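Residue numbers (the numbering used here), protein chains in the order written: chain A, 1 to 468; chain B, 1 to 468; chain C, 1 to 468; chain D, 1 to 468.
Hints are computed from structural coordinates only; laboratory data are not their basis. Small disclaimer: the values here were computed from a predicted structure and weren't measured. Some hints could be false.
It does not matter which identical chain is used: a pair holds within one copy or between any two.
Said to hold, decoys possible - Dumping the calculated DSS-like pairs for lysine-lysine here, alpha-carbon to alpha-carbon at most 25 Å:
#: 1; residue 1: 108; residue 2: 153
#: 2; residue 1: 198; residue 2: 181
#: 3; residue 1: 108; residue 2: 438
#: 4; residue 1: 385; residue 2: 32
4 protein chains.
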Amino acid sequence: WYSTPLRGGVPGMDEILARVVAPLPSYETRDKSPPPPESNSLEFMHFYKSLDKEDKVGFLSKLSQDFGVDHRSVSELSVKLLDTQLRDQATILQVEDRIRYNLTPRYKQLLGHISRVEGGVKFLVDLRADLLEIIASKTSESPHIRELNGTLKGLLSEWFSVGLLRLERITWQSPCEILQKISQYEAVHPVRNWTDLKRRVGPYRRCYAFTHAAMPGEPLVVLHVALTEDIADNIQSIVREFATLDSEEDVNKINAAIFYSISSTQAGLQGVELGNYLIKRVVRELQSEFPHMAQFSSLSPIPGFSSWLQGLLAQYRKEGRGSDLLSEQEWREVEQAVDSTPGPPTVDSLRKLIGTSEWMHSERLSGVLEPVLMRLCAWYLYGEKRRGYALNPVANFHLQNGATMWRLNWHADSSPRGVANSCGIMVNYRYFLSETSKNSALYLQNKVIAASEQVLGLVSQFQKNSKL
Amino acid sequence: WYSTPLRGGVPGMDEILARVVAPLPSYETRDKSPPPPESNSLEFMHFYKSLDKEDKVGFLSKLSQDFGVDHRSVSELSVKLLDTQLRDQATILQVEDRIRYNLTPRYKQLLGHISRVEGGVKFLVDLRADLLEIIASKTSESPHIRELNGTLKGLLSEWFSVGLLRLERITWQSPCEILQKISQYEAVHPVRNWTDLKRRVGPYRRCYAFTHAAMPGEPLVVLHVALTEDIADNIQSIVREFATLDSEEDVNKINAAIFYSISSTQAGLQGVELGNYLIKRVVRELQSEFPHMAQFSSLSPIPGFSSWLQGLLAQYRKEGRGSDLLSEQEWREVEQAVDSTPGPPTVDSLRKLIGTSEWMHSERLSGVLEPVLMRLCAWYLYGEKRRGYALNPVANFHLQNGATMWRLNWHADSSPRGVANSCGIMVNYRYFLSETSKNSALYLQNKVIAASEQVLGLVSQFQKNSKL
Amino acid sequence: WYSTPLRGGVPGMDEILARVVAPLPSYETRDKSPPPPESNSLEFMHFYKSLDKEDKVGFLSKLSQDFGVDHRSVSELSVKLLDTQLRDQATILQVEDRIRYNLTPRYKQLLGHISRVEGGVKFLVDLRADLLEIIASKTSESPHIRELNGTLKGLLSEWFSVGLLRLERITWQSPCEILQKISQYEAVHPVRNWTDLKRRVGPYRRCYAFTHAAMPGEPLVVLHVALTEDIADNIQSIVREFATLDSEEDVNKINAAIFYSISSTQAGLQGVELGNYLIKRVVRELQSEFPHMAQFSSLSPIPGFSSWLQGLLAQYRKEGRGSDLLSEQEWREVEQAVDSTPGPPTVDSLRKLIGTSEWMHSERLSGVLEPVLMRLCAWYLYGEKRRGYALNPVANFHLQNGATMWRLNWHADSSPRGVANSCGIMVNYRYFLSETSKNSALYLQNKVIAASEQVLGLVSQFQKNSKL
Amino acid sequence: WYSTPLRGGVPGMDEILARVVAPLPSYETRDKSPPPPESNSLEFMHFYKSLDKEDKVGFLSKLSQDFGVDHRSVSELSVKLLDTQLRDQATILQVEDRIRYNLTPRYKQLLGHISRVEGGVKFLVDLRADLLEIIASKTSESPHIRELNGTLKGLLSEWFSVGLLRLERITWQSPCEILQKISQYEAVHPVRNWTDLKRRVGPYRRCYAFTHAAMPGEPLVVLHVALTEDIADNIQSIVREFATLDSEEDVNKINAAIFYSISSTQAGLQGVELGNYLIKRVVRELQSEFPHMAQFSSLSPIPGFSSWLQGLLAQYRKEGRGSDLLSEQEWREVEQAVDSTPGPPTVDSLRKLIGTSEWMHSERLSGVLEPVLMRLCAWYLYGEKRRGYALNPVANFHLQNGATMWRLNWHADSSPRGVANSCGIMVNYRYFLSETSKNSALYLQNKVIAASEQVLGLVSQFQKNSKL
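Use the sequences and the hints to build the structure in full.
And the structure:
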């Protein structure tokens, strides 16, 4: 009932599945099953690619439901396991191993065979992207689809295990094919043209990617680094500064490595940890190139802050607590700044004010808003949670990696996008190498966020003003 | 009682294991466990390498026994699974997934972490070689050791999945490091010197290896191919022929590809199918280089034939059936050849005769022995079984791959080793590409051996003469 | 008097020249002169680069005039040579060798030393570009400047001898750096964007360049090839056809190789034959990739045709021979087409007509003009000469290489540039491989142009109409 | 009359030469001569290679004599040059340029064409090796052969100009092909086996070679370097020390770079300076790898010392000055050491003594001989001259490069070869980087040898004892 009703429409679907998804061999003969001919896998891939979106859902539902685990044998073995609890350990281990084996979905073997043909791994990565979209969009809520997703994630995690990844430094000498992809995949600070791209792989910059033997020429996750004198507090100085294009690096001016963009390129590898490992490998790489370098930090965007803030203001207004978020003095200044009348309407004024980027160009408005927005933003990053973890996904990523929420930077991104997303504020997540392990464990297990005094100070100002 | 009694001797063993083998996170928090610092894995590796052989056994026993599956939670979940049998599928799948998760040995995570540090994969391959030796030598018969072995094999199978391997053609332009290893690993027809090696990667020869990103510079399995006019019936013409060294290949003289040596180099990858895939990849490679090539065949040694034959003769003599294996006419010829008296002693004469290589140099003796040894050898390869599969390991390998037992070749290997192992006989396992899939399945599932008329004819002569 | 008056202005010029340009060692000690320290060459390079354009002229004049050949010793040796005419050959050879040695300009050694430091060869190539510009612009008419130019050309010819060049195929996998340069250097059919560039190195296209060890990453001459079914008669089908971007090449559709663009990138290598050799190497390369390919041809622009034509018409008009170039019937058609009155003014109408591209869009006008412009163009290419060789530089290049003037193509380049330069006409110079040697020699030595019947037919029509 | 009489024997020789060696174009058309077809060059190469040694001499004689410079036109132009002496410089330069052009031997163009075909440069290098052998062996004393040699040397010097060479570091990862050649070419301290070779490219060692684009895979000159704590005084510690094979380099133990072997591999490149440039490039390379390294020195053999010494002793004896070379005290010690009687026979004893290596194993004999042989050797290196330059070729090489004769080392090479060549003595030529330029010029121009106090002290001891 909860599974997607299967359309009978796609001719050959049942026939193909029955043919290419071999039954799970018995436990005894599990090492005696020759791999099917490659044509099997190729046929499956070809058929799947030929389906339209709707038929893919039907196909995956059928595959996952009709070619999954043989529940009966699992339950029979469970009975047996309970019967053997008083027997010797060898017997218990044996029954457990049979259960483990019988918990293999029948389709898992097929996925393995597909991974071995040319283009097979990429096919499976894309197939998983389809599964994730089906699940996220609730197109299907079938538990079998979820199981298929889990099985595939497990396989991909092994195949994309960090030992199998290759770190590549991308330079202007790298193949055009890979640089074009680097350019396309850059979502954080879009690359405007090839001069821009050239600068991002030029002097005072480093660009690294993980690639994988089974997906040649395809960067899986890309990290852009700027080499600076101090920890950067402004992104335009990194992505817009043209002076760096032809200059030679002066190693004496390089004290800090700023991770200013990290992009995963494969939707289908969601949940397969790559970014974390890439940052750590790059730190090692940079330490070997610059032995004295001691400052590692991100300069990160804060997507979602503006819309969260608009929501917050709307809610405060609705609840008639409009005056709570700012001090009286601050409200006064806002009023003066926008020539508005006091009281609840001011909340609207404020909302309107930050709804455009005009205030950025007024020194006075900017001065009035700085303390207000900074402490609201600090709270957004530090205090707003989802299941106990930071609501902001970028914060969550770096905190998982063990970084410290180190510094909020005012007027750090004056691009239209930066102003629209986060009122121009950016944040440094700093990697203190001797503490990342501890921080990561504390965050993941106890949901504790490591933060600097600046951030904690802003948070406590927020709490005081907001009467929380 | 059946596990190896653990020596208390190695200081720090318990302490280290307790520290580096983290508990399995709960099912709920399984995605929230940060990886431990690399130093953890490095410490484990360093400690293990520092142990002597005996302590390694103790260490692995302890690791596998004390840090394996939590049996109690598995059995509790089994009870739960049985309780949910009438519930909806989502619930059943959920409980099954918990069982699957809880069947993970605690040490499995550690193995994953080790695979990610530099040299980690090679460490695990070597660790598994230790496990296999412990099991083969019955140093320990602990089921936990076997489980550890199984777990590790499973992981290695994923990491060394064929999609992740790289095919490399080895030539005289390849790095010296890799050629030196190729030379060392060649076990079938040992390389005598660098001129010999140069010829094996020179004209009319191909040498291919699988390598793996995690073990750079290390050929995992090596295949030597000779390009010939006809399917070769003699190994000396391949490994000793010096004329080929500087000549140019004449593509018109290349009709057949002879796989004359295949060597696995990593004991720890036993059971991880590589050779089969290598042969198939090489066939594809050769077909693209020589589109009209249609003959693919091994020229394989028959290790164990001589000692099997000696055993057989000893047994026949003991059973007083000495006269059975040869026809009267043949016995007479043997008698004449060795100037012996008839009857049971002749068996001894025969044994003694084939115990040295002298008969090879006598055309008469050779002529007398040819039909006898050829049919005995055919029977040894075709008729002698272990658990239903060919006893001879080389035969078993090629038959699993789907090859046909195609031709026995008399006087095919006149090297001392060849004569001692198999009375100079060698065999071609031929790869008919359109039939390997079918053959492989028939052999693995029904234990049917595909054989040519020549082989079947020899087998039936053996049966007739041997009164089987 | 004819040499550029040297400004005394640049401080240090005399001092530097005196220091870095060592005297020519005596004939006897010529092999005993250690190379000066590299700093010598670097200082020269640095000094020269720091000069502005005008000072460079002064500097080069001084270098070439004051540090050239020692004329007195040459004339003394000439006297000696005449004295030895009746002596033995060994003596004659010796004196000749001394003359040869003494004809070495003193600065030649310095040029050799510069070529050995990093970036030195590129420096000299650029220096020669300066010399060529000075000569072409008549900034200086000093014979010493010309001698310096000749000396440098000789050296560059040796260093860029074809045996030292490396053929590189440029693909989308080539380094971005080189592809960007390929894009910049493409002067014939400008690359619009990176998609355009990707197509020019994609399926059904080949792009080759010569590079040189001393100038890494710098393509010296670039040849673009289209692989087509027939010899192409239209450039837009090559540089604008988007369908080819992702398709796979079908080898059965590849019968012809069309050289549609060849660009030299280094002004300083003028006169050092590279393009000719590149075309010949590429032909070999293509023959080995497509053994059955038999058609090799350029599809070439005709720069200068339109302006030549305008000049011709202006002159005819001036000479009152306006009516000569077209037949009466043709004049009538032109008149009708432009609604003009007959007589001399029509020449103006015609000039005006072809001065814009509007006629291209009118089928009628186009039909009227085709026979006229085609025969005029044929004459321009075939009949107009400079010192006996084809006036049109592209024609001259391919004819020197031994190509045949094969086919004029109407409506072959409808780009604004194509219409403006040559009324949209393009020409195929075809390479009949068995005849290029002969053609080349005939052209270079006897100024004979190999042309097809189509071209010769058009030429004779022109002659008939033009009353030549 | 003095040229080799040409045998009429080789059929086709005249015909081929007449065909492939084109006449020199006139000065006016010199840029209008298309290159001949490649087949021309290939035919020449093939023909030459097919000749036996004697015919090669004949062939080269004919080529050089009959296809050389057109003497008449040179002498005519000489007359003209003298006539123009009072004319303007442009005219003089023009006539000079015509002379220069007409001094081109007709065969020079052919050599250029050959250099452009595949394998052509290597062919010419080998051809020059033949010429050098003909000249050295006085097989021919033709001045034309010498002129051909000079012309070819000039061309090779341009093609092998240092800017065109590529420095390659050779390691155990280098292609086997190149390592095998490195092994074969090592003439100074022969490589015994592949383990030996592996060590010479392993830790604490560097091996560099120059290669050239036109001769791929062929090291032209090879330099072996040992990285040591102090300047090495013993070669066995470098080429025999096995401990270094698997160790990691400890950068703190690396203070000095010892050039312990340099080998040119191409006889035909004699006189084309490569070794000097290689040493200088390697110094730069090492300085960039080890910024603090300040000691660069060779550890060089002294070939010829023993035979020079034997000759000296023989001559002294003949001249009855036997007692001159040693002090009375020294003679006494020699007498005692060999139990000989005094007087002239002692010279023979001494000759006999140093004729074998036995004295090396006697501490007493060794102690007696050390001061004697060291000062004789110092004299041999420093005082013995050929045309004013050091007689010893290794000394001459390093002194030309600007090195200082720094230290003679006793018991430095105890190999049979070392004892036989130089009584086990070796010498360090040290490269003081700030002085090599000056030293080189002083040596080459003024024949001044830079030497250390140790060497000068030994020399003056020799002079005192030898009553020179």
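Taking the hints in turn, this is what the structure says about them:
Taking the shortest alpha-carbon separations for residue 108 and residue 153, both the intra-copy value of 11 Å and the inter-copy value of 17 Å come in at or below 25 Å. When the C-alpha separation of residue 198 and residue 181 is checked against a cutoff of 25 Å, the pair qualifies both within a copy, at 13 Å, and between copies, at 13 Å. In this assembly of identical chains, residue 108 and residue 438 lie within 25 Å of each other by CA distance solely across copies; the values are 22 Å between and 36 Å within a copy. For the identical chains of this complex, residue 385 and residue 32 are inter-copy neighbours only, at 16 Å across copies versus 51 Å inside a copy, given an alpha-carbon limit of 25 Å.
Checked against the numbered hints above, the structure breaks none of them.
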